[in-house]
Structure formats: structure tokens, C-alpha cells
Amino acid sequence: MIKVFFNSPDEAERFYTMLVLKQNRRNVELCIIDGNGVGVSASDFDAAARTLFIPALASYILKYNESRLMLSIIRDRFYFHEPEEQQQIIHIAEAIIEGERTEIPGAKQLPVRETPIYEALNDFIKPDLAFALSSFIKFRLHSYVERLYKYIELAIEEYKLEQEYQTFIHSLREYAMNRETKAEVIHIVHEQDLTVYNEHFSEISKEDLAGHIDRTFVHQHPMYIDASLLAPLVSIAPGRIHLYTDSPDYGMVQTIQNIFLERVSIYPRKMAGV
Numbered sequence: 001m002i003k004v005f006f007n008s009p010d011e012a013e014r015f016y017t018m019l020v021l022k023q024n025r026r027n028v029e030l031c032i033i034d035g036n037g038v039g040v041s042a043s044d045f046d047a048a049a050r051t052l053f054i055p056a057l058a059s060y061i062l063k064y065n066e067s068r069l070m071l072s073i074i075r076d077r078f079y080f081h082e083p084e085e086q087q088q089i090i091h092i093a094e095a096i097i098e099g100e101r102t103e104i105p106g107a108k109q110l111p112v113r114e115t116p117i118y119e120a121l122n123d124f125i126k127p128d129l130a131f132a133l134s135s136f137i138k139f140r141l142h143s144y145v146e147r148l149y150k151y152i153e154l155a156i157e158e159y160k161l162e163q164e165y166q167t168f169i170h171s172l173r174e175y176a177m178n179r180e181t182k183a184e185v186i187h188i189v190h191e192q193d194l195t196v197y198n199e200h201f202s203e204i205s206k207e208d209l210a211g212h213i214d215r216t217f218v219h220q221h222p223m224y225i226d227a228s229l230l231a232p233l234v235s236i237a238p239g240r241i242h243l244y245t246d247s248p249d250y251g252m253v254q255t256i257q258n259i260f261l262e263r264v265s266i267y268p269r270k271m272a273g274v
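According to the working numbering, the residues represented by the sequence shown are 1 to 274, in order.
Each hint should be verified, as a subset may be incorrect.
What the hints assert, rightly or not - Simulated restraints, written as ranges between beta carbons of each label pair:
| # | residue 1 | residue 2 | range |
| --- | --- | --- | --- |
| 1 | Gln-220 | Gln-87 | 26 to 36 Å |
| 2 | Pro-9 | His-142 | 20 to 30 Å |
| 3 | Glu-157 | Asp-249 | 21 to 31 Å |
| 4 | Pro-105 | Asn-258 | 36 to 46 Å |
| 5 | Gln-86 | Pro-9 | 26 to 36 Å |
| 6 | Asp-249 | Lys-126 | 31 to 41 Å |
Claimed, not checked - Restricting the straight-line Cα-Cα distance to at most 30 Å, the calculated cross-link-like pairs of lysine-lysine (DSBU-like) are:
| # | residue 1 | residue 2 |
| --- | --- | --- |
| 7 | Lys-3 | Lys-126 |
| 8 | Lys-138 | Lys-63 |
| 9 | Lys-182 | Lys-206 |
| 10 | Lys-160 | Lys-150 |
| 11 | Lys-150 | Lys-206 |
| 12 | Lys-3 | Lys-138 |
| 13 | Lys-126 | Lys-22 |
| 14 | Lys-63 | Lys-108 |
| 15 | Lys-108 | Lys-126 |
| 16 | Lys-63 | Lys-160 |
| 17 | Lys-138 | Lys-108 |
| 18 | Lys-108 | Lys-160 |
| 19 | Lys-138 | Lys-126 |
| 20 | Lys-63 | Lys-126 |
The hints are simulated quantities; they were obtained by calculation from the structure and are not laboratory data. None of the values given here were measured: they were computed from a predicted structure. No residue lacks a Cβ here, since even glycine has one placed at the ideal position from N, Cα and C.
Working from the sequences, and respecting the hints, build out all of it.
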């Protein structure tokens with residue numbers, strides 16, 4: 001019988017339940033040991049370890065220990081101590097892991113994090129072994145933790161960029177809201193590029209747009225502002241923006257919405273008067 005011990009009876013019960021749900025072999029016996037341990041015995045130990053115990057324990061580590069390991073990396077190796085910051089970074093890291101943030105440079109090149117867990121378990125598990133999961137994680141999963149470190153490192157870079165972006169957007173919003181409006185209505189049509197029109201749907205040339213730019217604000221601003229569209233828009237500070245697009249999630253469309261908020265109305269491209 002192989003025995004694995006957890007930090008609490010609740011954790012042992014959780015792993016026991018995972019084994020029960022994964023079990024499909026009649027010659028495998030499961031039991032709770034001393035409240036916080038789980039025992040597995042089988043006539044064919046190698047098969048049971050390969051098809052049941054190791055996959056279940058790997059899944060348990062990923063599901064119930066990974067977030068705590070990420071938190072310790074964020075806190076102890078990157079020195080982020082604010083709970084809100086920690087959770088935002090973990091949220092980004094989990095999104096990268098789940099393949100939801102493939103637009104982040106380098107996300108697709110990160111190594112598969114599960115592999116070291118399976119390798120360590122395959123090397124470690126043997127008949128009649130008794131061990132504590134916390135010790136196994138601490139002493140046997142260095143490669144896995146280092147891979148998690150790479151995910152966290154990338155998540156922190158993205159978190160800092162997002163914070164800078166939010167600061168950037170806030171400053172542009174404050175500026176546009178406090179600036180005297182130079183046009184009550186602006187129309188913007190999004191095709192391959194974004195083209196700006198006045199209230200009569202006459203196109204405003206790039207030269208005319210550039211003439212509206214508040215150069216002092218642009219030069220003093222800490223981040224790059226798109227000179228062809230964003231800088232003129234915040235300088236004009238229109239009372240209403242009617243934006244026509246078939247891609248409302250497009251980056252610049254989102255940025256315009258975030259700056260001008262309720263001043264922006266979004267319509268399908270076909271509703272443009274051009």
C-alpha cells in the first residue's frame with residue numbers, strides 16, 4: 001500500500017474523492033488513514049500508479065496547490081504584498097496557463113508546467129511508500145516551481161503594463177473631460193483604419209486633425225499618444241462620438257471608449273453615412 005498524508009482531514013477527503021471518481025479498476029482498494037492520509041493498494045501496483053494514483057495526485061497539486069505556490073512566488077520572490085495586486089497577478093497567470101492570453105508576447109513559448117510533476121512522481125512513487133504531500137512539493141518539485149516562476153514573471157510584466165495603461169487612460173480622460181469642447185459631434189468610421197468626420201459627415205483631413213493637437217500636453221505626457229487620432233481627439237474633446245465598427249473589441253476602439261466613456265456610441269459599420 002502507498003500512503004500519502006495531507007495537512008488536514010479535509011484535504012485527504014478531497015483527494016480520496018478524486019481517486020474514487022477516477023477509479024475504474026476493481027482490484028484497487030482505497031482507504032482513509034489516520035484522518036489526514038489516503039492509502040491505495042492494488043494487485044498490479046505499476047498499473048494502478050500509472051493510471052490512477054499519479055494522474056490523480058498531479059491533478060490535485062495543479063488544482064489545489066498551484067495558486068498557493070504562485071502566491072508564495074509573488075510574495076517572496078517578487079515582493080508584492082498587497083492582496084489585491086497578488087490576486088490580479090494570479091488571475092493573469094491563470095489566464096496565460098489556460099491559453100486565454102495568447103496575445104501576450106512570449107505566452108505561447110512558455111514550457112508546459114505539468115511535465116515536471118509527472119516526471120517527479122514517476123521517479124518517486126514505489127510500493128509501500130508513505131510520504132507527506134507538502135514535503136514532496138517542497139523537495140521534489142523544484143523544476144515545476146521554476147516553470148511557475150516563468151508564468152508569474154510574464155504575468156507581472158503584463159500586470160505592470162496594464163497598470164501603466166490604466167494610468168495613461170485616466171490622465172487622458174481627465175484632460176478630455178476638463179478641456180473646452182472644440183466640436184459637439186464627431187463621427188469615426190472603422191474600416192482598415194479609423195477615419196474621422198465632422199458633424200456633417202465631411203472627412204477631417206489628417207492635417208486638420210493635427211492642427212488641433214495640444215502640443216504642450218503631448219510633450220508632457222509620460223506615454224506615447226497616437227498623433228494621428230488619439231492626440232487630436234482628446235485635444236478636440238468632442239461632446240459626442242459616434243463610432244461605426246464591426247469590431248468593437250479592436251484595441252483603438254476600446255481605448256476611445258475607455259477615455260470618453262458615455263460620450264461614445266457604438267454602431268455597426270453599415271450605419272455610417274459614408
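Going down the list of hints, with the structure as the test:
1. Gln-220 / Gln-87: 26 to 36 Å: Holds, since Gln-220 and Gln-87 (Cβ atoms, about 34 Å apart) stay within the stated range.
2. Pro-9 / His-142: 20 to 30 Å: At roughly 29 Å between Cβ atoms, His-142 and Pro-9 fall inside 20 to 30 Å, so the hint holds.
3. Glu-157 / Asp-249: 21 to 31 Å: holds (22 Å)
4. Pro-105 / Asn-258: 36 to 46 Å: violated (22 Å)
5. Gln-86 / Pro-9: 26 to 36 Å: holds (28 Å)
6. Asp-249 / Lys-126: 31 to 41 Å: violated (52 Å)
7. Lys-3 / Lys-126: holds (10 Å)
8. Lys-138 / Lys-63: It holds: about 17 Å lies between the C-alpha atoms, which stays within 30 Å.
9. Lys-182 / Lys-206: holds (16 Å)
10. Lys-160 / Lys-150: holds (16 Å)
11. Lys-150 / Lys-206: Given pair Lys-150, Lys-206 is violated - Cα atoms ~43 Å apart, limit 30 Å.
12. Lys-3 / Lys-138: Within the cut-off at roughly 18 Å; holds.
13. Lys-126 / Lys-22: holds (20 Å)
14. Lys-63 / Lys-108: Measuring from Cα to Cα gives roughly 21 Å; hence the hint holds.
15. Lys-108 / Lys-126: violated (35 Å)
16. Lys-63 / Lys-160: holds (26 Å)
17. Lys-138 / Lys-108: holds (27 Å)
18. Lys-108 / Lys-160: Cα-Cα ~20 Å, so holds.
19. Lys-138 / Lys-126: At roughly 19 Å apart (the allowed maximum being 30 Å), Lys-126 and Lys-138 satisfy the hint.
20. Lys-63 / Lys-126: holds (23 Å)
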